[in-house]
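Trainee: Listed below, chain by chain, are the residues.
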Amino acid sequence: MADFRIPIGDSIEATIDFFVDNFAFITKAFAEVTENGIEILVSVMTFSHPIVLILLITALAYYLTKSYGLGVFTLLGLLLIWNMGLWDPTVSTLALVLISTLFAIIIGVPLGILASISTISYRIIMPILDFMQTMPAFVYLIPAIPFFGLGPVAAIFSTVIFSMPPAIRLTCLGIKQVPSELVEAADAFGSSKAQKLFKLQLPIATPTIMAGINQTIMLALSMVVIAAMIGAKGLGGEVWKAIQRLQPGRGFEAGIGIVIVAIILDRIMQRVGGKSKPAV
Amino acid sequence: MNHKIEVKNLYKIFGHQPERGIKMIEEGRSKDDIMLETKLGVGVANASFYVKEGEILVVMGLSGSGKSTLVRCINRLIDPTAGQVIVDGTDVVTLDEEGLRKFRQKHFGMVFQNFALFPHRTVVQNAEYGLEIQGMDPEERKEKAMQSLEQVGLKGWEDSYPSQLSGGMQQRVGLARALALDADIMLMDEAFSALDPLIRRDMQDELLSLQDKVQKTIVFISHDLDEALKLGDRIVLMKDGFIVQEGTAEEILTAPANDYVAKFVEEVDMSKVLTAESVMIKPVAQAHSETDGPRAALRKMEHAGISSIFVRKEKKLFGIVTATDAAEAAERGERSLEKIMIQNFHRVSPDTSANDLFPLLAETSFPLAVVDENDRLKGVIIKGSLLAKLSEKRLKEKELI
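Protein chains in written order, with my numbering: chain D, 1 to 280; chain A, 1001 to 1401.
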């Protein structure tokens, strides 16, 4: 029994090696472009004095939620982060989360729509999602390195994979939950599939899709922190440094920063999702 | 009148390899039988009927009788297993996806039991949905939608959301949405069943007066005999996927095709407890054999707008005279009604049950005379008035409950 080992690991490694040998030049090029993009985004966000961006984010949070409480919390929370000297890592974490979420939505929502309208794709996509979600997040970090090199792009790659499942799942769920009589009515008046999708199914599924995107953002945030291990900077990087140098105080400060960012993002997304809920 | 819709040998069998079911139905097996043996569900079995242009056809049956499946086969929300649905000479069953879409846009408006309004759209946006997907420009479709909202009495509500309206008003939106299309056929699936009785009656009245104006061909699904009697120019009665009878309200009430129909009519029929006295109407005119001749009788009939008149003699009912006979007698110059008097009509006592009146009405062209023990005329019963009284009484009783 011990003599024979099914070569699962070996074959995965061989497959990855094959892809790295033949396609890494593409992914590396992509990595370069994306990395430049991230740098530009970060430098734009840090171009002005931190207080300007803090006020902007506060105003945006208030504008989107119309909640004084959240506005005050955002202002104080971000000022605290600035005060702790964590402003630059926070900005780069935000940039990573934004970009990863954007990719996750661009890929995830169409996949969710596809899964909702075609049974075959549903049956293919759902087991893959189960696999993606139960696989420990750290594992995604390993193959990301040979393709994208150490750094933020590898972090974004593994973050997108880790955070995409809720966007797919809840988009699919939201569309499937549209009452069948409404779909029947749309059919009865002679709607095409696209008209049905854009005029009925997506609008009604929006609150569910927004809930999925909210989860995606939260997962992205947690993954971006973990991805510090492969060279993503940001708040996760601060935590990672604190672990290596055994500085519990510094570690907690960075941890608090992450919590503040998470609360702000979560509350904003919840309100945005709730507001677009149709009057039922 | 043309046959707007013609359904020929339509089958809908649910399940795997549905063709097996068709064969079993042809062999005369029942729905339950087929279910037990093959796990196939019979939705519609060998249905053939037609709908004339501009009429309201009510498809009636208990739940599970296949009536909703049948109406969905007409616009192919459900694909029939076999058979033809011919609308204006086109077999809907053979249309491809694109053709079907265009055909639905042009010909079918549909109203649903639970309204099926789009919750994220305002009332007017709901009403213009059908036109919007046809690509009509926004100004024009809004105008049309507003017109149809006005027709159903919802002017001023156009910017509300469906959830802000009552059930009756929501269904008016559903009606407006179907009317705005200008489709020539309206499919109404238990359109008023979810409404409470008073509102339902209003909606029925409104549908009838709308129908006078718009003259659509309407297929109306209902499980309610009253509704069928009130709305239907003709009625198709279904059971277990089969059509068991087809005809006018009177044909179904007076000559039930089989026990099921009889039971259906009886079960939902208050006529058992109603008597001749409670459904009779006052005779609008009577002739007196002592004083009236053919000319006077004719004049009385013309005045009252009736085609036959009961004649009294010494306070007792004596006979009946038709307008045609009276006119001929007057030509011949006769003075008395005696010669043209007909004795061959039905006399019933005031306590005869309404159920027994139907067969009598079916076999005669004269009104029934309701007489007391002294043979005095108390009232008359004509077909129309019997049905009208019946449904009126039943509605009243429903409201009391």
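The set of hints was computed from the structure by calculation and includes no laboratory data. Mixed in with the good hints there might be a few duds.
[Said to hold, decoys possible] Beta-carbon label-pair distances, calculated as ranges: (1) A:S1166 to D:S43: 55 to 63 Å; (2) D:I128 to A:F1014: 30 to 38 Å; (3) A:L1095 to D:S43: 54 to 62 Å; (4) A:E1097 to D:L55: 38 to 46 Å; (5) A:L1095 to D:I128: 34 to 42 Å; (6) D:M126 to A:K1023: 36 to 44 Å; (7) D:P179 to A:K1023: 34 to 42 Å; (8) D:P179 to A:E1053: 30 to 38 Å; (9) D:K176 to A:E1097: 17 to 25 Å; (10) A:V1214 to D:Q133: 26 to 34 Å; (11) A:T1094 to D:K28: 50 to 58 Å; (12) D:I26 to A:N1114: 48 to 56 Å.
[Stated by the list, open to error] DSS-like, lysine-lysine: derived pairs with alpha carbons at most 30 Å apart: (13) A:K1142 to D:K196; (14) A:K1383 to A:K1316; (15) D:K176 to A:K1102; (16) D:K193 to A:K1106; (17) A:K1102 to D:K196; (18) A:K1039 to A:K1023; (19) D:K196 to A:K1106; (20) A:K1239 to A:K1023; (21) D:K193 to A:K1102; (22) A:K1282 to A:K1300; (23) A:K1383 to A:K1339; (24) A:K1106 to D:K199; (25) D:K176 to A:K1106; (26) A:K1282 to A:K1155; (27) A:K1378 to A:K1316; (28) A:K1263 to A:K1313; (29) A:K1039 to D:K176; (30) A:K1239 to D:K193; (31) D:K199 to A:K1102; (32) A:K1142 to D:K199; (33) A:K1052 to A:K1213; (34) A:K1213 to A:K1239; (35) A:K1282 to D:K196; (36) A:K1339 to A:K1313; (37) A:K1313 to A:K1383; (38) A:K1155 to D:K196; (39) A:K1239 to A:K1282; (40) A:K1316 to D:K193.
For glycine and all other residues, C-beta sits at the position ideal for the given N, C-alpha and C.
Trainee: Look at each hint and say if it fits the structure.
Mentor: Outcome of the hint check:
1. A:S1166 to D:S43: 55 to 63 Å: Since S1166 of chain A and S43 of chain D have Cβ atoms about 58 Å apart, the given range 55 to 63 Å holds.
2. D:I128 to A:F1014: 30 to 38 Å: holds, 32 Å
3. A:L1095 to D:S43: 54 to 62 Å: holds, 60 Å
4. A:E1097 to D:L55: 38 to 46 Å: violated, 55 Å
5. A:L1095 to D:I128: 34 to 42 Å: holds, 38 Å
6. D:M126 to A:K1023: 36 to 44 Å: holds, 38 Å
7. D:P179 to A:K1023: 34 to 42 Å: holds, 36 Å
8. D:P179 to A:E1053: 30 to 38 Å: holds, 34 Å
9. D:K176 to A:E1097: 17 to 25 Å: The hinted range 17 to 25 Å holds for K176 of chain D and E1097 of chain A, with Cβ atoms some 21 Å apart.
10. A:V1214 to D:Q133: 26 to 34 Å: violated, 56 Å
11. A:T1094 to D:K28: 50 to 58 Å: holds, 56 Å
12. D:I26 to A:N1114: 48 to 56 Å: With a Cβ separation near 53 Å, I26 of chain D and N1114 of chain A satisfy 48 to 56 Å, so the hint holds.
13. A:K1142 to D:K196: Judged against 30 Å, a Cα distance of about 20 Å means the pair holds.
14. A:K1383 to A:K1316: holds, 24 Å
15. D:K176 to A:K1102: It holds: about 25 Å lies between the C-alpha atoms, which stays within 30 Å.
16. D:K193 to A:K1106: Between K193 of chain D and K1106 of chain A the Cα gap is close to 18 Å, so the pair holds against 30 Å.
17. A:K1102 to D:K196: Answer holds: K1102 of chain A to K196 of chain D is near 15 Å, not above 30 Å.
18. A:K1039 to A:K1023: holds, 14 Å
19. D:K196 to A:K1106: At roughly 18 Å apart (the allowed maximum being 30 Å), K1106 of chain A and K196 of chain D satisfy the hint.
20. A:K1239 to A:K1023: holds, 19 Å
21. D:K193 to A:K1102: holds, 13 Å
22. A:K1282 to A:K1300: holds, 15 Å
23. A:K1383 to A:K1339: holds, 27 Å
24. A:K1106 to D:K199: Satisfied, since the Cα-Cα distance of roughly 20 Å is no more than 30 Å.
25. D:K176 to A:K1106: Given pair K176 of chain D, K1106 of chain A holds - Cα atoms ~28 Å apart, limit 30 Å.
26. A:K1282 to A:K1155: violated, 42 Å
27. A:K1378 to A:K1316: The given pair, whose Cα atoms are some 10 Å apart, holds under the 30 Å limit.
28. A:K1263 to A:K1313: violated, 42 Å
29. A:K1039 to D:K176: This hinted pair holds, its Cα atoms lying about 27 Å apart.
30. A:K1239 to D:K193: Status violated; Cα separation ~35 Å.
31. D:K199 to A:K1102: It holds: about 18 Å lies between the C-alpha atoms, which stays within 30 Å.
32. A:K1142 to D:K199: holds, 17 Å
33. A:K1052 to A:K1213: The hint holds at about 17 Å.
34. A:K1213 to A:K1239: Violated. K1213 of chain A to K1239 of chain A sits at ~33 Å, over the 30 Å cutoff.
35. A:K1282 to D:K196: Violated - the C-alpha atoms of K196 of chain D and K1282 of chain A are around 59 Å apart, more than 30 Å.
36. A:K1339 to A:K1313: holds, 14 Å
37. A:K1313 to A:K1383: holds, 26 Å
38. A:K1155 to D:K196: Cα-Cα ~27 Å, so holds.
39. A:K1239 to A:K1282: violated, 39 Å
40. A:K1316 to D:K193: violated, 75 Å
Violated hints, in rising order: 4, 10, 26, 28, 30, 34, 35, 39 and 40; the structure is consistent with all others.
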